[in-house]
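There are 2 protein chains.
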Amino acid sequence: MELWFMGTSAGMPIAERNVSSIVLSLTRTKGSLWMFDCGEGTQHQLLRTPLKLSRLTKLFITHLHGDHLFGLPGLLSSRSSLGGTASLDVYGPPGLREFLDAALRLSDTHLNYPFQVHELEAEGAVLDEDGYTVECALLDHRIACFGYRIAEKPRSGSLRVDVLTAAGVPPGPAYGKLKAGEDLRLEDGSVIRAADVLCDPIPGRVVAVMGDTRPCEGALRLAQGADVLVYEATFGADLAEKAEQYGHSTTLQAAETAKAANISRLLITHFSSRYGPDQLAELETQARGVFPQTDAAMELQAYPIPSPSFRTNLA
Amino acid sequence: MELWFMGTSAGMPIAERNVSSIVLSLTRTKGSLWMFDCGEGTQHQLLRTPLKLSRLTKLFITHLHGDHLFGLPGLLSSRSSLGGTASLDVYGPPGLREFLDAALRLSDTHLNYPFQVHELEAEGAVLDEDGYTVECALLDHRIACFGYRIAEKPRSGSLRVDVLTAAGVPPGPAYGKLKAGEDLRLEDGSVIRAADVLCDPIPGRVVAVMGDTRPCEGALRLAQGADVLVYEATFGADLAEKAEQYGHSTTLQAAETAKAANISRLLITHFSSRYGPDQLAELETQARGVFPQTDAAMELQAYPIPSPSFRTNLA
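Chains P and E supply the protein sequences, listed in that same order. Going by UniProt numbering, the first sequence runs without a break in its numbering and finishes at 315. Going by UniProt numbering, the second sequence runs without a break in its numbering and finishes at 315.
Errors might be hidden in some of the hints.
Said to hold, decoys possible - If you anchor each label on the Cβ, the simulated ranges turn out as follows:
no., chain 1, residue 1, chain 2, residue 2, range
1, P, P277, E, E2, 27 to 33 angstroms
2, E, H118, P, S81, 26 to 32 angstroms
3, P, T285, E, R97, 32 to 38 angstroms
4, P, K153, E, G31, 55 to 61 angstroms
5, P, K153, E, D278, 45 to 51 angstroms
6, P, I143, E, H118, 44 to 50 angstroms
Unchecked claim - Here are a few chain P residues that sit away from chain E, every Cβ distance over 12 angstroms (derived from the structure):
no., residue
7, P73
8, D130
9, S158
10, L198
Derived by calculation from the structure, the hints in this document are not laboratory data. Even for Gly, the Cβ is constructed at its ideal location relative to N, Cα and C.
Construct the entire structure; sequences and hints are all you get.
Structure below.
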């Protein structure tokens with residue numbers, strides 16, 4: 001599981017940074033890519049990475065501001081031209097369908113793959129499939145804006161082979177049944193309970209990706225206990241008033257959210273175009289004062305999300 | 001007067017080329033910029049040039065295919081963020097207004113400048129102001145597509161000072177009246193006719209910018225006698241059937257149009273993504289076989305359009 005930032009600039013591109021888009025590369029679904037937001041030029045950025053547009057299967061839009069949205073019609077079109085045939089699902093706030101309908105119809109764009117828009121009507125479950133769940137919550141921005149919590153489902157724990165060997169159960173189909181949670185009756189009539197020979201389930205990773213927002217309860221809820229939280233830090237600590245006015249957060253507010261939500265790692269992004277590339281280290285330092293496990297996201301760089309197996313409670 | 005190519009790739013961007021957009025930098029209106037088409041990522045390309053988005057005053061869209069259009073909402077928005085306050089006019093085929101209305105409204109984008117969309121209903125005059133005229137004609141593509149002919153208005157010729165001196169007319173207000181075309185009555189009752197002391201008007205430059213098209217009468221008409229013709233060469237000479245099928249031209253067809261229209265210089269562009277950067281020289285060579293004054297347009301490079309004063313018919 002890896003996160004890639006296609007763009008980390010707020011509002012508009014600058015020479016060194018593009019507008020918002022994040023890709024989550026998944027391990028459980030054969031390298032599928034999920035994308036969060038799609039600012040203009042996202043498809044251009046993808047060309048500079050090893051990520052293939054044809055592997056994109058789901059797209060989540062946080063809100064309809066142009067710097068998170070205007071790359072979407074071109075990306076959908078190029079995915080078709082590049083031979084993408086797998087079905088694509090796009091999730092986002094109401095209005096997303098009208099935007100895409102207008103853009104694709106008026107430009108006479110025909111996609112060579114099944115394509116569905118899912119407008120989010122409420123907070124809660126977005127999807128539950130292929131080993132993952134996604135839920136959303138409303139954030140606090142100038143227009144309707146969603147955050148997303150992506151959770152790998154827990155995997156069943158490993159079998160305690162030492163216990164089974166001692167009980168005289170050789171490897172075979174019985175192991176599969178126990179692994180699936182079925183109890184096993186032996187020839188002598190005794191019963192081996194699956195619960196007694198299964199280690200604890202291995203928890204899945206949790207990634208929380210926020211859209212633009214002031215600090216808010218929705219973000220805190222989605223971020224709770226996440227392995228990685230992606231949260232905006234449009235402004236430095238000295239511009240809290242501006243952040244409040246425009247519906248954004250400062251570096252300190254990002255870090256405070258991370259701390260309150262008890263997460264493992266914070267990646268801040270969506271930096272105002274006023275900050276040149278030399279100033280991101282200062283933003284990072286501000287956030288680290290509150291939450292040390294913070295990095296200012298760098299574009300076109302992979303952020304691996306470690307497997308949580310080390311947290312497994314082995315018997 | 002200079003032409004800049006922001007993108008020369010057809011259909012979608014590749015690592016080395018962006019999708020269509022051309023900028024014409026004008027001399028008569030204090031460095032105003034006019035843009036022809038605005039594919040996704042055009043604003044990003046502008047950041048790599050000395051051209052300022054705030055100087056953009058007119059935008060002409062040839063047709064609504066995404067690779068000529070999808071950069072427009074983001075570019076309009078960034079022009080506002082970058083402090084552009086001058087009025088902006090956008091010209092293009094019907095449907096352009098609906099696209100921009102939807103994109104700007106749904107993204108809650110507010111522009112800090114007066115902004116007008118002019119949908120072209122017919123061939124003919126598009127505008128006549130500030131020393132320039134623009135006319136359009138329908139081309140032959142898969143959807144409605146316009147070409148544009150931009151003409152500097154002729155400047156009045158210089159005064160024949162030698163003749164005036166011989167006639168005893170000293171420099172002064174009389175020169176201004178003669179230059180403006182008024183005849184001059186001298187104190188002895190004789191008349192100096194303006195026509196007799198004015199050199200021929202200095203013709204203006206003509207730039208013809210085509211959209212996507214098969215060879216057609218409209219393109220030939222707009223290109224007639226142009227100083228520079230920008231014409232698409234999506235395909236090499238061997239792919240004439242594909243060009244016909246998709247409504248495009250080959251290198252040879254571009255060159256034949258240039259030759260038939262008796263132009264001075266041909267710039268070919270809109271190369272299929274199948275052609276890597278090493279193959280453009282071959283496309284150029286094909287076209288030069290028919291029309292030697294051809295160049296394959298290079299992105300982010302200025303093409304000056306020389307003043308035509310050398311063509312002035314001095315008495």
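* Mind checking the hinted window 27 to 33 angstroms against the Cβ distance between P277 of chain P and E2 of chain E? => For E2 of chain E against P277 of chain P, whose Cβ atoms are near 30 angstroms apart, the range 27 to 33 angstroms holds.
* To do: Could you let me know if the closest chain E CB is still more than 12 angstroms away from the CB of P73 of chain P?
  => 5 angstroms, violated
* Consistency of the no-contact label for L198 of chain P, given chain E and a CB cut of 12 angstroms -> Given a closest Cβ separation of 50 angstroms, the condition holds.
* **I143 of chain P versus H118 of chain E beta-carbon gap, inside 44 to 50 angstroms or not** => The hint (44 to 50 angstroms, Cβ to Cβ) is violated, given that I143 of chain P and H118 of chain E are roughly 29 angstroms apart.
* Asked: Does the hinted range 32 to 38 angstroms hold for T285 of chain P and R97 of chain E at CB?
  -> 48 angstroms, violated
* Decide, holds or violated, for the assertion that all CB atoms of chain E are farther than 12 angstroms from the CB of S158 of chain P. => S158 of chain P is indeed farther than 12 angstroms from all Cβ atoms of chain E, at 44 angstroms.
* Does 45 to 51 angstroms hold as the CB distance between K153 of chain P and D278 of chain E, or does it fail? -> This hint holds: roughly 48 angstroms between Cβ atoms.
* **H118 of chain E paired with S81 of chain P, Cβ distance criterion 26 to 32 angstroms** => The hint (26 to 32 angstroms, Cβ to Cβ) holds, given that H118 of chain E and S81 of chain P are roughly 31 angstroms apart.
* Between K153 of chain P and G31 of chain E, is the Cβ distance one that fits in 55 to 61 angstroms? -> 60 angstroms, holds
* Would you assess whether D130 of chain P, listed as outside the interface, keeps its beta-carbon beyond 12 angstroms of every beta-carbon in chain E? => D130 of chain P is indeed farther than 12 angstroms from all Cβ atoms of chain E, at 29 angstroms.
Consistency note: the structure conflicts with the earlier hints numbered 3, 6 and 7.
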